[in-house]
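**Student:** In case you want the letters, here they are:
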Amino acid sequence: MVTLFRILKYGWQSFLRNGWLSVSTIGIMILALLVFEGLILFNVMSKGATQAIQEKVDISVYFKSNVSEDTILNLKKSLEGLDEVKYVEYVSKDQALADFKARHADENTITQTLEELDANPLLASLNVKAKDLHRYDSIASYLEKPDFSDSIEKITYAQNQVVIDRLTALIDNFQRGGFVLTIFLAFLAVMVTFNTIRLAIFSNREQIGVMRLVGASNNFIRGPYVIEGILYGAIAAIVAFLIFIPLIGFISPHVANFIPEVDLGGYFNAHFVSLLLYQILFGIVLGIVSSVVATRHYLNA
Amino acid sequence: MIIFQNVSKNYNHNSVALDKVSFKIQPNEFVTLVGRSGAGKSTVVKLLIGEERPSKGQIFFGSYEVNKLKPSELPEFRRHIGVIFQDFRLLTKKTAFENVAFALEVEGRLQKEINELVPPVLDMVGLKDKAFNFPAELSGGEKQRVAIARAMINQPDVLIADEPTGNLDPFNTWEVIKLLKKINELGSTVILATHDKEIVNTLGERVITLEDGKVIKDEAHGRFLID
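Residue numbers (this note's numbering), protein chains in the order written: chain A, 1 to 301; chain B, 1 to 227.
The hints are simulated quantities; they were obtained by calculation from the structure and are not laboratory data.
Remember, it's a predicted structure, so these values are computed and weren't measured experimentally.
One or more hints might be untrue.
[To be verified] Cross-link-like lysine to aspartate or glutamate pairs, in silico, EDC-like; alpha carbons within 16 Å at most:
| hint | chain 1 | residue 1 | chain 2 | residue 2 |
| --- | --- | --- | --- | --- |
| 1 | B | Lys93 | A | Glu89 |
| 2 | B | Lys20 | B | Asp212 |
| 3 | B | Lys94 | B | Asp157 |
| 4 | A | Lys9 | B | Asp212 |
| 5 | B | Lys24 | B | Glu142 |
| 6 | B | Lys94 | A | Glu89 |
| 7 | A | Lys56 | A | Glu89 |
| 8 | A | Lys131 | A | Glu80 |
| 9 | B | Lys181 | B | Asp157 |
Taking the hints into account, I'd like the entire structure generated from these sequences.
**Tutor:** As structure tokens, this is what we get:
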């Protein structure tokens, strides 16, 4: 008990008495943690962006004008039975016309032309949304079966296939790249912090030697350094977080301009506590591990 | 009792620091270890406190066989020995009081005991007024007196001083030597490694003379006999 209390006391004391060293170590850790935090938000953003793009892709099946609604609804049902399909939306001829009119309400020539026509020139259609981008191929081949060829006028997939394929490849690469970047930057942040703490302890190696000479046990020597590491980590985490709050406020509207589906500020507010805790946990673990590894070298010598 | 039995220490294949050194030191003796720089004095000290291991031979310290101690046993062992060095080796971020107290804290002594034990010892080495100064604020002589206070605070069986006066002026040198004599009178064995002829001759205690890693003379009331 006495020893534990002393370790805590000395950790705190040494943190204060090594003022500048503490400040610069914390400074470096703040940078590392900002990278860490930035990575979390980058992943939120890239996930949001890819999702937004995926949402925009679908296949539309247009039916010949003589096909009955029942046939279409039957096909809808069988499509909904497919594993790959997320949902199917039926747009009737009337609905299509209404949508078209609404879209072109301001354009007089178009409305007038439509009124002059006797029949509705638009086709009924099914909009098919797949669970993910890779599934459109098999949905398209399902629709191309000869059973349906009589009733189907056209399938947009064939027209959009190149774009969809490119998009799929792009998103895959983006996600893979983001993962690699995350690993790399996290590694960088860990190494920088680790080495900073190591240097701080390196400058104390003679002191460690003196403590050993006086008969201090390894834990009694290491303890205060670990406490210091915890303090570095916790303080750096909190400061980094405080820096992030206004930064998010500044960036969030710009990101929303670019990708409307991504609400960084909203995400940040919703996950405020867990983000802060993650950050503190990350900082503290980094501080402890660095201190233990760095002192071990001088304790075994 | 300290026994060195045929102790040799080689640092490389051809550099011999100690060559079959044997001697015994009885409890409460005052022994000076003399010799030129490089004669092996510091090696004897390092082997005795377990900082290094002998290449050959055995070293006994009371019930401990020092050459066989595991790293995990060293901290407890070292609490029986007080050590003083030429370069003081104080904890620079701790005050004089805290430096002395540290030797008690490593034993897990209570704060109450520490507060009772440290002031008289600081008083004895004449640093009552500097208790809350950091080493950087103390003179060389004062630093060495802090080191002595730290070395003697837990009443060690043996106090080892490796060139303790090497960085001090004549006045402080004699202050340190007087303190060592006093500690010896209080019941600790004192081993003083030095190359200061005047100190050795004035003390008139047992002198073990080392040359090229060998004991060339061991006299009960020796004199410094190296040119």
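**Student:** A separate judgement is required for each hint: does it hold in the structure or not?
**Tutor:** A quick look at each hint next to the structure:
1. B:Lys93 with A:Glu89: 74 Å, violated
2. B:Lys20 with B:Asp212: 11 Å, holds
3. B:Lys94 with B:Asp157: Since the Cα atoms of Lys94 of chain B and Asp157 of chain B sit roughly 26 Å apart, the hinted pair is violated (cutoff 16 Å).
4. A:Lys9 with B:Asp212: Not OK: Lys9 of chain A and Asp212 of chain B at ~47 Å, beyond 16 Å, violated.
5. B:Lys24 with B:Glu142: 33 Å, violated
6. B:Lys94 with A:Glu89: Since the Cα atoms of Lys94 of chain B and Glu89 of chain A sit roughly 76 Å apart, the hinted pair is violated (cutoff 16 Å).
7. A:Lys56 with A:Glu89: Holds: Lys56 of chain A and Glu89 of chain A sit about 14 Å apart, inside 16 Å.
8. A:Lys131 with A:Glu80: 11 Å, holds
9. B:Lys181 with B:Asp157: 14 Å, holds
Hint compliance for this structure: hints 1, 3, 4, 5 and 6 are broken, all remaining hints hold.
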